[in-house]
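2 protein chains.
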Amino acid sequence: MSETAIAGYDYGRVGPSPVGKDDLEALKAAVLFGPEDEAALRRAGEVLGDQVEAILDVWYAFVGANPQLVAAFAGPEGEPVTTYLDRVRPRFGQWIKDTCLRPYDEAWLAYQEEIAERHTPAKKNKTDHAPSIDHVPLRYLIALISPITSTVRDFLARGDRPAAEVDAMHEAWRKAVILQVALWARPYAPQLW
Amino acid sequence: MSETAIAGYDYGRVGPSPVGKDDLEALKAAVLFGPEDEAALRRAGEVLGDQVEAILDVWYAFVGANPQLVAAFAGPEGEPVTTYLDRVRPRFGQWIKDTCLRPYDEAWLAYQEEIAERHTPAKKNKTDHAPSIDHVPLRYLIALISPITSTVRDFLARGDRPAAEVDAMHEAWRKAVILQVALWARPYAPQLW
Ligand code: HEM
Ligand code: HEM
Numbered sequence: 001m002s003e004t005a006i007a008g009y010d011y012g013r014v015g016p017s018p019v020g021k022d023d024l025e026a027l028k029a030a031v032l033f034g035p036e037d038e039a040a041l042r043r044a045g046e047v048l049g050d051q052v053e054a055i056l057d058v059w060y061a062f063v064g065a066n067p068q069l070v071a072a073f074a075g076p077e078g079e080p081v082t083t084y085l086d087r088v089r090p091r092f093g094q095w096i097k098d099t100c101l102r103p104y105d106e107a108w109l110a111y112q113e114e115i116a117e118r119h120t121p122a123k124k125n126k127t128d129h130a131p132s133i134d135h136v137p138l139r140y141l142i143a144l145i146s147p148i149t150s151t152v153r154d155f156l157a158r159g160d161r162p163a164a165e166v167d168a169m170h171e172a173w174r175k176a177v178i179l180q181v182a183l184w185a186r187p188y189a190p191q192l193w
Numbered sequence: 001m002s003e004t005a006i007a008g009y010d011y012g013r014v015g016p017s018p019v020g021k022d023d024l025e026a027l028k029a030a031v032l033f034g035p036e037d038e039a040a041l042r043r044a045g046e047v048l049g050d051q052v053e054a055i056l057d058v059w060y061a062f063v064g065a066n067p068q069l070v071a072a073f074a075g076p077e078g079e080p081v082t083t084y085l086d087r088v089r090p091r092f093g094q095w096i097k098d099t100c101l102r103p104y105d106e107a108w109l110a111y112q113e114e115i116a117e118r119h120t121p122a123k124k125n126k127t128d129h130a131p132s133i134d135h136v137p138l139r140y141l142i143a144l145i146s147p148i149t150s151t152v153r154d155f156l157a158r159g160d161r162p163a164a165e166v167d168a169m170h171e172a173w174r175k176a177v178i179l180q181v182a183l184w185a186r187p188y189a190p191q192l193w
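Those protein sequence lines, which keep their order, are chains A and B. So that you can map any letter, position 180 of the first sequence is 180 in the UniProt record's numbering, and since no number is skipped, the others follow by simple counting. So that you can map any letter, position 60 of the second sequence is 60 in the UniProt record's numbering, and since no number is skipped, the others follow by simple counting.
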């Protein structure tokens, strides 16, 4: 359905990841990501599902307010490329749902590697034919764990669940983001990853 | 005083970082790290200061329970090198205090780069003449943001401060760890950092 309508969203249509299931399990253990987090993410998906546009508004405003971040969406003259920002946005929205609702299986691992490469010279800009810089700096990828996590709490709280439940969903979200950023670091440093 | 007695702890005695003050400010903004976090870290330093050994017990137990992490402290036969673990431990303890109490100035930036390099082939093992693998995998460096942050909350709560204050200290700690891991990623991917 609507997923197939998202330009450049290639979940299920990319080659296998070089990262195996065992690597993923070891990484999950290091992040303290367990079955209760998976369950909490499912519930978070229900709460966040119809708030995706509002979440993206907050994130895009944050990026827009930070020149060092906008730079990754900028063209040769340094001006933000609106079509690029607009085309990435629904994929980002879908990622919120995928993070909460997809099983973290081989198809998921494969798309993690694809997202990773889309932040590096291997694939950045290609999906959207964007005239922009060739990679997202690794330090900002890691740094954004902070706002991408802290800003989600208010949206989780709007679901009218008990505070302990909001905390559990928020912790699961946090771990899921850290897990993914760890996976996305691979093509930045394949030898030392 | 006791700092100078920590073997291999070279704060204030290493060359300048390639990362400048402006880079640091841009990174702090991306992490949402502000003056109120600095203030909260000072208070966290007071609460954590005399609990350092107990915190290290928790972290060392976590590493010890995870073979994929112990590997970074293992010798050629795969067995943990006790002298290596023991020598790093007081530096790790001092890092807890430094994270809370040091100003994030040029000396601090310089030592961040030193810690970064000590996780990579440039300098790992050298300080302690350890017969171990030549780098800490980047993915685990990022992954450990999770346990290094979540485990600190109980210790912050033992300070008998109001819950809101514990939350503020915990958030500041979290951002400080993310900020440092972002800095430590530099020598892993100097071109794409
Ligand atoms: C935790 C941090 C981050 C998350 C969760 C994240 C998430 C995403 C997602 C889901 C996509 C779309 C993937 C797809 O094509 O299906 C994307 C693409 C993109 N992101 Fe990020 N991102 C993060 C950090 C950053 C940072 C720090 C920047 C730069 C300031 C950035 C800039 C971009 C750009 C330019 C694209 C489009 C890449 C392309 O050309 O295909 N991202 N990101
Ligand atoms: C957030 C994550 C991490 C933090 C905050 C951290 C912190 C530190 C600190 C403060 C030191 C001592 C620095 C000094 O010499 O003054 C250190 C050293 C070390 N860490 Fe980490 N670390 C992290 C992740 C990891 C991981 C994932 C591993 C591997 C499993 C690891 C293995 C080591 C080793 C082997 C050393 C000794 C390096 C040497 O030979 O000098 N660290 N770490």
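Be aware that a few hints might be false.
[Stated by the list, open to error] Label-pair distances were calculated between CB atoms; the ranges are:
1) 64/A to 83/B: 46 to 56 angstroms
2) 162/A to 10/B: 47 to 57 angstroms
3) 150/A to 151/B: 13 to 23 angstroms
4) 134/B to 78/A: 36 to 46 angstroms
5) 15/B to 36/A: 24 to 34 angstroms
[To be verified] Derived list of chain A stretches under chain B, where covered just means 3 residues or more per stretch with a C-beta under 8 angstroms from a C-beta of chain B:
6) 22-30
7) 63-73
8) 157-170
[As the list claims (entries may be wrong)] From the derived model, a few chain B residues whose C-beta atoms are all more than 10 angstroms from chain A:
9) 9
10) 33
11) 168
12) 174
Bear in mind the hints are in silico, worked out from the structure with no lab data behind them. The beta carbon of each residue, even a glycine, is placed where N, CA and C say it ideally should be.
For each hint, the structure was consulted:
At about 52 angstroms, the CB distance of residue 64/A to residue 83/B agrees with the hint of 46 to 56 angstroms. Checked against the given bound of 47 to 57 angstroms, the beta carbons of residue 162/A and residue 10/B, roughly 49 angstroms apart, stay inside it. At about 19 angstroms, the CB distance of residue 150/A to residue 151/B agrees with the hint of 13 to 23 angstroms. Checked against the given bound of 36 to 46 angstroms, the beta carbons of residue 134/B and residue 78/A, roughly 40 angstroms apart, stay inside it.
In this structure, residue 15/B and residue 36/A break the distance hint of 24 to 34 angstroms, their C-beta atoms being roughly 46 angstroms apart. Check result for the segment 22-30 of chain A against chain B: holds, 4 residues qualifying (beta carbon to beta carbon below 8 angstroms, three or more required). With 3 residues having a beta carbon nearer than 8 angstroms to a beta carbon of chain B, the segment 63-73 of chain A meets the requirement of three or more and the stated coverage holds. For the segment 157-170 of chain A, the stated coverage by chain B is not satisfied: 0 residues place a CB nearer than 8 angstroms to a CB of that chain, which falls below the threshold of 3.
For residue 9/B, the non-interface assignment is confirmed: its Cβ lies about 24 angstroms from the closest Cβ of chain A, beyond the 10 angstroms cut-off. Non-interface call for residue 33/B relative to chain A: violated, since the shortest CB-CB distance, roughly 8 angstroms, does not exceed 10 angstroms. No Cβ of chain A approaches the Cβ of residue 168/B within 10 angstroms, the least distance being about 12 angstroms, so the stated non-interface status holds. Residue-level check failed: residue 174/B sits 7 angstroms from the nearest beta carbon of chain A, not beyond 10 angstroms.
The earlier numbered hints that this structure contradicts are 5, 8, 10, 12.
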